[in-house]
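K.L.:
Sequence:
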Amino acid sequence: MDLTPRVDYFGSFDPGRVPSPCFVIDEIALRDNLSVLADVQARSGAKVLAALKAFAMFSTGHIVAEYLSGTCASGLYEAKLGFEAYGGHDQGREVHVFSAGYKEGELREILTFAHHVIFNSFSQWQRYRALCLEMQQQRPELRFGLRINPEHSEGHTERYDPCAPRSRLGIVRALFDGESLEGISGLHFHTLCEQDFKPLERTIAAVKEKFGHLIPQMEWINFGGGHHITRSDYQVDALVAAVRAFSAKYAVQVYLEPGEAIALFSGILVSEVVDTSWNGQNQAILDVSATCHMPDTLEMPYRPEITGAARPGELPHTYCLGGQSCLAGDSIGEYSFQDPLKAGDRLVFEEMAYYTMVKTNTFNGIPLPAIALWNSASDELQIIKEFSYRDFKERLS
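Under full-length UniProt numbering, think of the first position of the sequence shown as 1, with each following residue one higher.
If a hint is listed, it holds; no wrong ones were tucked in.
No farther apart than 30 Å at their CA atoms in a straight line, the calculated lysine-lysine pairs in the BS3-like style are these:
1. 103 - 359
2. 359 - 342
3. 80 - 47
4. 47 - 208
5. 80 - 53
6. 80 - 393
7. 53 - 208
8. 47 - 210
9. 249 - 208
10. 198 - 53
11. 53 - 393
12. 47 - 359
13. 103 - 53
14. 208 - 198
15. 53 - 385
16. 359 - 80
17. 385 - 359
18. 210 - 198
19. 385 - 80
20. 359 - 53
21. 47 - 249
22. 359 - 393
23. 47 - 198
24. 249 - 210
25. 80 - 103
26. 385 - 342
27. 249 - 198
28. 103 - 393
29. 103 - 47
30. 210 - 53
Ranges of calculated distance between the beta carbons of each label pair, as one might list FRET restraints:
31. 181 - 100: 17 to 25 Å
32. 138 - 364: 46 to 54 Å
33. 276 - 301: 22 to 30 Å
34. 364 - 123: 37 to 45 Å
35. 181 - 105: 22 to 30 Å
36. 157 - 7: 24 to 32 Å
37. 343 - 316: 14 to 22 Å
38. 358 - 62: 13 to 21 Å
39. 127 - 277: 52 to 60 Å
40. 4 - 127: 45 to 53 Å
Calculated directly from the structure, the hints in this document are not laboratory data.
Cβ coordinates follow ideal geometry from the N, Cα and C atoms, glycine included.
Could you build all of it, start to finish, from the sequences and the hints given here?
P.N.:
Here it is as structure tokens:
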């Protein structure tokens with residue numbers, strides 16, 4: 001997997017221009033990604049949706065709406081955000097919603113504005129079928145689908161694999177026997193995580209094998225997310241050909257739901273060294289936290305890159321970096337630097353646009369990072385939002 005950016009977008013950015021900590025998104029990088037996705041959309045005939053679970057900086061919603069066909073959401077609040085901030089109301093963009101389980105009140109509201117509503121089980125569909133079809137009489141554009149589980153794993157980490165054994169996500173083939181599909185117009189599958197075309201190609205084959213007899217009854221098929229389409233080594237032409245072939249064979253509209261691909265290479269997290277110490281090894285406390293600001297470093301886990309830093313021992317000064325929280329495991333990892341770290345130094349964490357802002361929390365009262373939008377072409381910088389004690393307090397009671 002080549003995560004080398006096509007362009008060194010942040011090479012000229014001065015981290016001292018923003019408060020710390022701060023997420024900085026480059027509008028040019030974002031538009032470059034969206035242009036790739038728009039090209040896939042135009043050449044393949046697929047409709048590409050922005051997956052808000054990965055990147056939901058809604059101040060850029062109008063930019064995303066210039067390129068893509070809409071948004072996809074994992075519940076009511078994300079769906080409302082897509083409708084309100086990404087062209088769902090005034091630009092005719094679609095809002096798709098999937099949930100592992102809908103509460104009736106949530107679903108009733110979703111049905112007033114969404115376009116595709118996807119169910120995770122026959123029991124949920126049967127429970128709400130009458131309500132859905134009643135709303136469809138009022139809003140003929142409403143469509144309903146089922147998430148299928150092709151029981152074909154391409155994931156490398158079980159926590160992030162929707163097709164792992166005993167997964168709660170999607171309906172397996174055996175459960176379709178004897179069930180009516182009246183009112184269902186589409187199927188949805190999602191099996192990938194940060195992957196290229198070949199895993200999708202194998203997944204499509206598995207879907208055809210298990211569910212091919214049902215697809216001719218459908219109007220649309222959603223290939224889900226996890227596609228790293230904007231990586232420099234992604235096989236874009238192969239994806240375009242596969243979508244065109246699938247659409248032609250089954251006469252269906254194909255949807256794609258990239259999340260990370262929209263924001264690859266487009267964001268950084270600026271941080272500051274608060275203190276340095278020693279306890280068997282050099283320690284540095286930062287104003288960013290693994291548990292509060294980048295929890296995937298603990299959950300996935302993975303090691304975020306820092307501009308100018310290297311792996312332990314590769315440069316003269318190695319430090320274990322951690323956050324300000326009281327969690328003993330609030331450790332970002334070990335890094336080496338050319339010069340000793342000192343309080344006030346700025347460190348830039350790379351690839352921090354996706355699955356970061358959407359996952360931040362205020363455990364221990366740790367402040368949330370500010371959010372900034374930068375334009376690497378014009379050098380224009382906007383501080384979009386800064387957070388305060390009130391943001392921490394109002395989540396509590």
